[in-house]
Amino acid sequence: MSDQIHFVALLKTGDSGAYDKLIEDYQHMVYNTVLGIVNHLHDAEDITQNVFIQIFKSIHDFKGDSKLSTWIYRIAITKSLEWERKKKSKRSINYFKNLIGISTESTELSAFYHPGVELQNKEMATILFKAIKKLPENQRLAFVLIKVEGLNYQEVGEIMNKSTKSIEGLVLRAKAQLKLILNDYFTE
Amino acid sequence: MDTNIEQKIDDTLSSLDMVKRAEISPYFKTRMKGMLTQIQPEPAFLSFKFTLAMAMIAIILTANTFLLYQRMNQNSTNKKSVHEISEISEMYHFNSTPVLDYDNQ
Numbered sequence: 011m012s013d014q015i016h017f018v019a020l021l022k023t024g025d026s027g028a029y030d031k032l033i034e035d036y037q038h039m040v041y042n043t044v045l046g047i048v049n050h051l052h053d054a055e056d057i058t059q060n061v062f063i064q065i066f067k068s069i070h071d072f073k074g075d076s077k078l079s080t081w082i083y084r085i086a087i088t089k090s091l092e093w094e095r096k097k098k099s100k101r102s103i104n105y106f107k108n109l110i111g112i113s114t115e116s117t118e119l120s121a122f123y124h125p126g127v128e129l130q131n132k133e134m135a136t137i138l139f140k141a142i143k144k145l146p147e148n149q150r151l152a153f154v155l156i157k158v159e160g161l162n163y164q165e166v167g168e169i170m171n172k173s174t175k176s177i178e179g180l181v182l183r184a185k186a187q188l189k190l191i192l193n194d195y196f197t198e
Numbered sequence: 002m003d004t005n006i007e008q009k010i011d012d013t014l015s016s017l018d019m020v021k022r023a024e025i026s027p028y029f030k031t032r033m034k035g036m037l038t039q040i041q042p043e044p045a046f047l048s049f050k051f052t053l054a055m056a057m058i059a060i061i062l063t064a065n066t067f068l069l070y071q072r073m074n075q076n077s078t079n080k081k082s083v084h085e086i087s088e089i090s091e092m093y094h095f096n097s098t099p100v101l102d103y104d105n106q
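Quick note, the sequences are listed as chains A and B, same order.
First residue of the first sequence: 11, per the numbering used here; consecutive thereafter.
First residue of the second sequence: 2, per the numbering used here; consecutive thereafter.
It should be emphasised that the hints constitute simulated quantities derived from the structure, not laboratory data.
Some hints could be false.
The calculated lysine-lysine pairs, modelled on BS3-like cross-linking and capped at a C-alpha distance of 30 Å, are [claimed, not checked]: (1) 97(A) <-> 30(B); (2) 9(B) <-> 185(A); (3) 96(A) <-> 34(B); (4) 34(B) <-> 67(A); (5) 175(A) <-> 144(A); (6) 98(A) <-> 31(A); (7) 73(A) <-> 30(B); (8) 77(A) <-> 30(B).
One-sided excerpt, in silico: chain A residues whose CB lies under 7 Å from chain B [claimed, not checked]: (9) 29; (10) 33; (11) 38; (12) 41; (13) 42; (14) 45; (15) 62; (16) 66; (17) 125; (18) 127; (19) 128; (20) 131; (21) 135; (22) 137; (23) 138; (24) 189.
Bear in mind that the values here come from a model prediction, so they are computed numbers and not experimental data.
The C-beta atom is built at its ideal place from N, Cα and C for all residues, glycine as well.
Kindly generate the complete structure, drawing on both the sequences and the hints.
Take a look at the structure:
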């Protein structure tokens, strides 16, 4: 913890070496989390950039009440959800434009292939990511942080400001919901 | 539920069990460093100045409210004392016509 206090103090002074270390240590964590939520390789990289810019701008607001990684996870989640909302409203506008014939842009979500999934599981994982998108936000975040980012219930609880028990509940409900969604998908 | 479909669902759900962490482009760090040098973080003293300014505004507003309240209280006390004086003067006929009114004699 004292290492973190010292490191954060360096970040607050704008020390370039500290920022190098911050990017080095957290770039994959942020990217993987963002990618698990937005399911888009190129956009995930842009959002990761925005996350680091946000960290840089608001490091003075970090009080040290939580772990630095927890704070970074929260920024990454917030930025990803913001991006999703923007994308959703853009898709709705395109849908109406298509309806009245002033645009031909696609409003369909493209299939997502996670680069960390083994080749033999690729197709199944794509179906699963599509199903995860249909979950309620809290269930989806808990499921992604545990399944894709590999965090435990306690860590997810700290990030989402919830108890370990409620995270367990969210993941259980997410799995039950996913079974229903996948059942519909395979029986279609 | 059909056992075949059940199997497919289980396989799909476990397709992320062995997922590896996705890694960002190796050029990301260099790009990010370049970007961060162009952006200046908000210096600590600025946020301190902002807090100080807010505290000063709060103090000034409180002092103003207090002074205004005191002035209003003083006004009502003044009105009260004027009223009391006029009552006394009426009681002792201070403002009545003088006994020796030479003009009207």
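What hints, given by number in increasing order, does this structure fail? Number 6 - this is the single hint that the structure violates.
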